[in-house]
Each structure stands twice: as structure tokens, then as C-alpha cells.
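In case you want the letters, here they are:
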Amino acid sequence: MTERVDLEEPQVQGYQLPQAPGGGPVVQEPLWRIRLRLFRKALGRNWRLFARNKVGLIGLGIILAFALMAIIHPFLMDRVWDPGIYDPVQGYDAPRTELLVVETKDDVEDPTSQIDHATARLKTTPFVKVGDTVSIPSQPAPPSSKHWLGTDPLGRDILSQLMYSTRAAFALGAIAAIVTVFIATTVGSIAAFFGGWIDSFLMRFADLVLLVPLIPVLIVVASLFTLTLPLLGILIGLLSGFGGTAIVLKSQALSVSVKPFIDAARVAGGSNAHIIFRHIIPNVLPLSFLYMMFTVTEAIALEATLSFLGLMNVQMSWGIMIYVAHSQGYLLSGTSYWWLLFPAGLAVTLLAAAFFLAGRAMDEVVNPRLRRR
Amino acid sequence: MAKFISKRLVQMVILFAIFLTILFFLLEAQPGDLTQQYIGNPDIPPEEKARLAARLGLDQPLWGRYIQYMRNFFTGNLGNSLSQYPTPVSKLILTALPRTIVLFLSATLLAYYLGFVTGKVLAWKRGKATEYMLTLGGVGLYTVFYPWFALLMIWLFGFTLAEWIGFRIFPINKFIDVNDWTGAPYSTNEVFMWMIGIASVSLLVAGLITLYARRRLEFAPAIRVRNWSFLVAVIFPFVFFKLSPMEPYAWDILHHTMLPVITLTLVAFAGIMLLTRSSMLETLREDYILTARAKGLSEKVVRDRHAARNALLPVVTSLVLALAFVIGGGIITETVFSWPGIGLLLFQAVILEDIPLAMGTLSIIAVLALVGHLIADILYVYLDPRIRYQ
Amino acid sequence: MQTAESPVSTRPSRSANPPLLEVDDLTMEYETEKGSVSAVQDVSFTVRSGEALGLVGESGCGKTSVAMALLRLQADNAHFRHGEVRLNGEDLLALSEDEMRTHRWSDISMVFQGAMNAWNPVQRVGDQVKEAMDLHIKPRLTAADTRERMEEFFRLVGVDPKMLDRYPHEFSGGMRQRAIIAMALSCDPQLIIADEPTTALDVIVQDQILEQLKRIQHELGMAMIYISHDIAVIAEVTDTIGVMYAGRIVELGSTREVFQRPKHPYAYLLLNSAPSITGPRRKLAPLKGEPPNLLNPPTGCRFHPRCPFATDKCVTDSPPLEDVGGGHLVECWHWDQVPEITEMGVA
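Residue numbers (the working numbering), protein chains in the order written: chain A, 1 to 373; chain B, 1001 to 1390; chain C, 2001 to 2347.
Just chain A, same shape as in the assembly (with noise of 0.2 Å):
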């Protein structure tokens, strides 16, 4: 049972602060320790919020898998492959496949256009007879115990490619998100804290910007210019940091302009420039991490259309690999030389979903209205 609150008697003790010799209170523990539990802390609240979405988890796997396999190439490259063969863009393989006559004509021109990998048959070939079978140097090679995951057109080991380019999406992903977030950061605390025509100014070139669909554009910028892959990953951040990001921004940065302590911040006498910058943006900052998130879905995608269209100027990446299978026609011939086509498009689509997914998980944690309750 509850004892009676008497309300007239003071309810707390005293609380004696330690005094320091001259006087003066001491504080017991030094502020850094202090902040890091806090931090620590919320990382751990955010943590078990982020995982209880199976989905976001999944992402976040998909990215270390990812990550693992851009980190172990190099090593590969340098112990147990040999360069000459594996090596993405300069190695070179014809591996020869057994093949099965199964019909002969006198008047054909490229005996290995006949070839069907699936069922290791030959359609024709001269000076054979059906029911021989002949050992053929293959380029495109089908997967093998050499070659995992085959070879290309060039004779270049497939799966070596794959791992390669890895490192190229995850760094124009770095490059774009991080570009995108400092310019929709700085853009929408800035539109939000000053208002007024700054604001609409602002917010009408991310309108503009908004409208002008990206990849036509792109294209023609990579006609003008020849797009490397910083520098495609920098037009990205551009356009999309002026843009919609720079819209969601701003509306984040504006509801925390009008908190109470950017009041009290600026009677306590902090300038513009401090109060944005101290203030502001570090609450902003969460909602810009998440955006980076989709920035590199975004950019991963991009940069594998414009190389499928052949307009990069990268030597390799997964839709480098794609176009170079296309555009020799392997593509469009059959669906025999499904090796050319399934590793890279898969590794695009996961890799681009993995950070879609990890996003959207990352959305509940920083906007506590998705939660579920």
C-alpha cells in the first residue's frame, strides 16, 4: 500500500554538489565519457529499431555481402588467380568446351554462332560428321570449374568482373550520396532558416530541377562530355541534391526551426551562421543519412543505364558487362548465353534493392511516425 504524499514537506534532499577547493562545483564525470554512453546508447535503441524490420536486415546483408566480395578481389588478384587470365579487363581465356555435332552443312560461315551452350551441341561445322564430337575453343566460355560464372565476349573471366566492379558501384555511390547530402543539407537548413525569397528561390530551382527527367539529360551529357565515373557520380549528387531532396530537407529543417531552442539559441545570442550550423543541420543530419540511402539506389542504377548504353567512359562495371554482351548481339540471339546476362543484371537489382531496402528499414527509425505501434 502506498504511504499518504503529504504535500507540504519538500519531496526531494538536498543534493550536495562536490565542491572543488576554492569552491565551486566539480563535475564528477568529464562530458565526452558522458556523451559517448549517450551516443552508444542511441545507437543501441536505434539498432534493435532497425532490426526488427526482417526487410532492412536483409539489405544490410546484401550490402556486407557486397562489400566482402569488393574487399577479397584484390586479394584474389594478387594470391590465387592468375592475372593473365582473371584479370577483369586485360585477362584474356578461350577455354574449349566439348562439343556434339548434331548437323552438318557445307556453306557455313562462323561455326560458333551455331553453338548451343545449354545442351553442349553444335549445329554446324564443316569437315565433321554428325555425332562426332569436337573440342572447341569457346568465347563467350559457359560457366566452368575455371571459370564460375563463365566468360564474356572477350574472353574475360565473368565472375572476376563482377567482384571488380563492385568496388566502382559502391564508390560512385559514395561520391553521389555524399555530394547530394551536403548540397541538400546546406540548400534546405538555408531555405528554411532564412525564408522569405531565399526560400522560394531555393525551392523553385529544386522544382526545376525536379522536372527535367534525369537520363535524357544524361545522355546528352555524356555525348558533350566524356563521363567518368567521379565525375557522373558528382552530376548525380548535383542534380539530385538541388532537387527533391533538397524539397524533403528543407521541410525537416524547417520544422526544427521553429522549435523552442532555436528560439533560445538565438536569444542566448548565437549568430546565423552558428545556429544553422549547431543547431540546425545535426538535426537535419538524420533524415539527410537516410536520403543518402537512396541516393545510391538511385546512382547505382543510373550509372549501370548510361554504361548498358555504352555512353561511360568506365572500363569496367556491371552494366559494362552488359552492354559488352549486347552490343556484339549475344544478347538478342537466344537465351543460350544466360551467363552474360544474369550475374551482372542480379548484382545491379540487389545491390540497388539492398540499399532501397536498408533505406526504408532506416525510414522507421528516424521518423518515428512510421513506427509500428
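Wrong hints could be hidden among the right ones.
[What the hints assert, rightly or not] Lysine-lysine pairs mimicking DSS-like chemistry, simulated, CA-CA at most 30 Å apart: (1) 1128/B / 54/A; (2) 2138/C / 1003/B; (3) 54/A / 2138/C; (4) 1300/B / 2138/C; (5) 2034/C / 41/A; (6) 1128/B / 2034/C; (7) 2130/C / 1300/B.
Simulated from the structure, these hints should not be mistaken for laboratory data.
Once you have looked at the hints, place chains B and C on chain A.
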């Protein structure tokens, strides 16, 4: 409402002008000038070089060149194509534009209609298994690498299924099968424009009938009229072409258009379905849904007239973003399927370094984006009475 | 604002009227991830035609859950364990969903809490009212008659009939609330449930709406269930009052009786916690603690952790509902120890 539209139109024109300006500076940033393109090309006579220099105002200072450039665009003087000399750029664009519009429009409308209906029904039924599967499927379609997906569709319908069934359900690419058209009395463009014409008139009539019905009749009968009139409007063109002498040609074009449209629709559909579903889920938490149920209305009426109608608003807002996707996706679709629309034209222009064609095409695409944006804005104002009286 | 000591409504007794709604041992639980929440337990009361019953209690005590249950608008994870809700003798809980729909709005209608958001923002107000009328009024009225009727009801609640053609966002908060009441009346229900209809409004509008409700109820002879946490408001409007705590009705009786001679410690403390401007100065008896977590409700009497009269028996045994005189029901082992309202403070 008219004031709103005219205000937006003016804004659109200004935005287009800004876009063109940026494009101009992009061009200027290039080393060398356009006429140098001609030096290596023997097909292009030297008079053209002089004409081109005059058209671009190359002898003038920057400001003069800019004025000339803007004037060129707004008078439709887009120059001649370099890769298909001497065809003027505008002619090429005008041939390709209706096709792309058909592609975009059908994909967008189908994706929105299907996506909305599916998302609406899905949000209503909260079964664990179906929900999980459809969300996963939806996310999968939404994030798939689009060129890869297009190729997969070609493989599926053009090769794999063909092996099983014995024939191809859809052709794998291009606009027509050239062999079928030898000795045809019509050009592809003629047949295509007829198809568009008949279909547009048919749908327009259905739309007018629906509007009239909404004015005069009660809600439920008006919906019935709408459904029937659109059903007839969709069937009518098929009947018309079945009976006309153009039948095999029209069918060939239609057949080749199907797979590109389906591919583009599928991917756009996923995003809209996911958005509708989450929008519905949020709307269902609103108080007026409870009121509607308390009034004794049937579940279907509550879902459609109250929940879905309100859930529609964020989805229409997303139309603006979806546009950018549909346009970009449409371009990729055209390149993968070699389907001769504006997208393929742009791609070819870029590959062949045909700058006038590339610029012209890009500008038209920008105009398409702007017009689409305008339509989306008007639609939103029409649907949300809270915005109207600002 | 009237306090607990001012005269309660002097309304003619309706105890002779036939019972309209009989709620018998209603028990409802919510299934959550953390377990079963016992939101409504063994709730019983009767509302006669023309009578106004008030349900009062803290937030979370189950009043709204009861209201939802009456219209069978309970949440998806709410389950009826047992009990009956009889409208004119017919058990509503046993009906199919289709049958229940015919009763909604035409026999029982409801004015929700925060009803300002109860309007569909994209539809005109008149169309929304018409929707209900077209559904329930048989034979179907002509468009002109429907319009006339709607205008009448709008005038009754004090809203300009021309607003019927407007959208909800063009109404002020108070107007929206009044329009909701008009819509609730539009199908001539026998019973209206008003769940905190004035909570979100300022005092002047609150007063106006209360007056209107009283007048309407009197003129149209409808029964009403008025739900609120504001005892003063309940006192003005109701004939009978039920005090709810932790999902149970702990005291039920005529408003006058319960206000002047509360027999349940909770009711007593509730009435005593408001200071009086006119009455004698006295020490306030605050209600300590918090309402219990209904996932794991207290054993025995649910109020015992906060009750100044609690004994060991209260912890182990749940008190039965006793009649302490003239239909005044109390659920307490020690109701006889609860002092008269005129005494000061707590012993």
C-alpha cells in the same frame, strides 16, 4: 481554375526557357563549334555549313548567338539532322513523337489504374502471407535494374515461352515486321496515325459521355455509365480495324507495341501499388473512415468513396516523380526494343553525334515533362478541394 | 463552469419509460503483442427511451471502448468475451455484419470525440449527410425532401443551411461539431452516443453546444449516452450516471444521487478533487497514483492500489455490484465508510 491553368502555363514557358538557356551554355562549353562536325562528313555540302553558321549566328558575340538560339527554338527552326541529312530535325521529331506519346500514355494510364486498384484492395485485406509476398514482389519490380528487366522480358516472351508453346507471343523488337509490309499500300506512319486517331476519338467520346452522366445522374448509375462507355471505347477500335483493309498492318504495329508497353507498365505499376497501399493504410486511420462505417455504409463504399478517394491524393502528387521515371524508362524501353520513338531517336542522335537532332529531341522531351507536370498539377487541384480556393 | 456542488439537472424522471438499450455483463479484450488487455469488464447498464446516461471516468477507463462496442465498431483486435447488448430486446452482438449495418445510424448514431475530423475532406458536407439518409430512410425521400430535411436539422443545431454545399475545411471547428450533431440526428435515431463532443472546443462554444444538445434531446425525445471525463458537464446534461474505472462500472445511479451521495471511493475522490469557489475552504483530497495497466489489472478490486479505504479483502476479492438504496449501485466492500460530500477532507 482557368486562372490557375494560365498561371501555370506561363510558369511552364519560363521554365522551358530556363532549360533551353542551360542547354545553350552546355553547348557553348563544348570545345569547337558545330560546323566542325561537317568537315569530316562528305555527304554534307559546304553550303549547308554556311547555312548552319548563319542559323546559329556564329559570327555574332555570345549574346547574339543566344538570341538566335532562342529564336530558333521558339520558331521551330531546329535545323537539319546531320546523320540523316537533309531531313529536318522537326520532321524526324514529329514522326517519332506520336509513337512515344502512345507508349508513355498507355504505360502511365495502365500502371496507375492497375497500381491503384491493386494497392487499394491490398490495403483493405491485411492477410499476412499475401501482404508479404506482394510487398516483396512490388519492391522487387520497383528496384529491378530496368534494362536488365527489359531484356529478361524479351527472353521470356521471345525465346523461352516460344520454345514451350511453339510460337512467339510477342515479337522481340522493332516497330513492324518488314517482311509483312512488302508491297503494302500504306506507310507505317499512315496506319499508325489512323490507329491513334480512331482510338483517341473513341476514348474522347467515352469521356464526354461520362462527364455528362456525372452531371445528370446519381453517383452509382453514373459509375455504371462510365464503365460501360469506356469498355465500348476500348473495343470499338478493335472492331473498326478488324473490318478495315488496314487490318494486318494495324495488327502488326499493335503486336509490336505490346511488349514494350507491358514491360514499362509492370515496373511503373509496382511503385504505384506500393504507394497506394501505404497511402490507404494511413487514410484508413482517419476519423472520417470511422464515421463512414458508423453511418452503416457497406465496406466497399467506405473503401472506395471515402478511403480510396482520399488516398488518391498523395498518389497523384507522386505522378510528378513518376513522370520522370516513365520518361527515362520509356527511353530505355525504346532502345532495348529498338522501338522507333523519341527515346530511340535521342539515343541514335547521341551515338552518331548528330547534335542538332540531339538538342531538338532533348527539348521535346523536356516539353513532354513540363506538359505532364502541368496535367498532374491540374489533376491534383481538381481532386483536392482544399487547394482550390487559395 | 458549474462545480460538483451546484444543483444537478432537475430533469423529470424517466424511470418509468421502457428500456431501450440494455447492456448486460459486456466484456471486451484487446489482443496485443504483449498480451490481452482487459478493456471492458462486466459492464451493465440500461438506457430508457428519452433518458440521458452519462459515462464518466479517466482517460483509458474504457468509456470509448464501450461506445464502440455498442455500434460494433470495435478495433480489429478487440474480442467480445461475453455479454449482450440488447436494443429493444434484440442482441446486437449476435447479429451478422449486414444486419448490424441496418441498425447503425438509423437506430443508434454517434458523435465522436474530435468530430471535427470526422468529415471526409474531399466531399461536400451536404453530400455526406445525404449519403446516410439515402441509405437508411425508407421509403427513399426525393432529393428536394432530403434537402429540406437537412436544412431543418442544420437550423436546429445553429448552422447556416447554405453551408450544406460547402466543403468541411470551410467550416470552423464549432460549426463542424454542430454539423456532426445534425448528421447524427438526420436519420431519427432512437439513441445518440456523444463521446466527448465538446472537449476540443473553447468554453463558450462548449456551452452553446451543450445547451443545444439538451434542447434537442428534450424536443426530440431521444435517448442519449454522454461520455466525458468532465464531471461538471455530465452533471448538467444527464439523468443517470455511470462511473467507470479500469474497464468496470464502479458506481451507477441517478445523477443527483451519485453527486450528492457518492458511495464508491473513486467517485467520491473524483467529485472532491475539484475546488469550489462558493463552497467552504477545505483541504483537497487528491487522487494519487495512476490508472492501472490493463494488461495486468490489479487483483480483487481494481481500485485498491489507490484507495484510501482499501483492506486486505479488497486485494483478494472483487466486490459485487450492490444496490445501496433506490437503484443506486456500487461495487465496493466499504461503501458504507465513504463520507458524505459535505465533510471536509479525508480521515
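- 30 Å Cα cutoff - pair residue 2138/C, residue 1003/B: Violated - the C-alpha atoms of residue 1003/B and residue 2138/C are around 45 Å apart, more than 30 Å.
- Message: Holds or violated: residue 1128/B and residue 54/A, Cα atoms, limit 30 Å.
- Response: With Cα atoms ~14 Å apart, residue 1128/B and residue 54/A stay inside 30 Å; holds.
- Distance restraint between residue 2034/C and residue 41/A, which requires alpha-carbon spacing of 30 Å or less: holds, 24 Å
- Given the proposed pairing of residue 1128/B with residue 2034/C, does the C-alpha separation stay at or below 30 Å? Within the cut-off at roughly 19 Å; holds.
- Task: Sort out whether residue 2138/C lies within 30 Å of residue 1300/B, counting only the CA atoms.
- Result: holds, 21 Å
- Message: Please verify whether residue 2130/C and residue 1300/B have alpha carbons no more than 30 Å apart.
- Response: holds, 18 Å
- Task: Measure nothing beyond the straight line between the CA atoms of residue 54/A and residue 2138/C; if it is 30 Å or shorter, mark the hint as holding.
- Result: Not OK: residue 54/A and residue 2138/C at ~53 Å, beyond 30 Å, violated.
Violated hints, in rising order: 2 and 3; the structure is consistent with all others.
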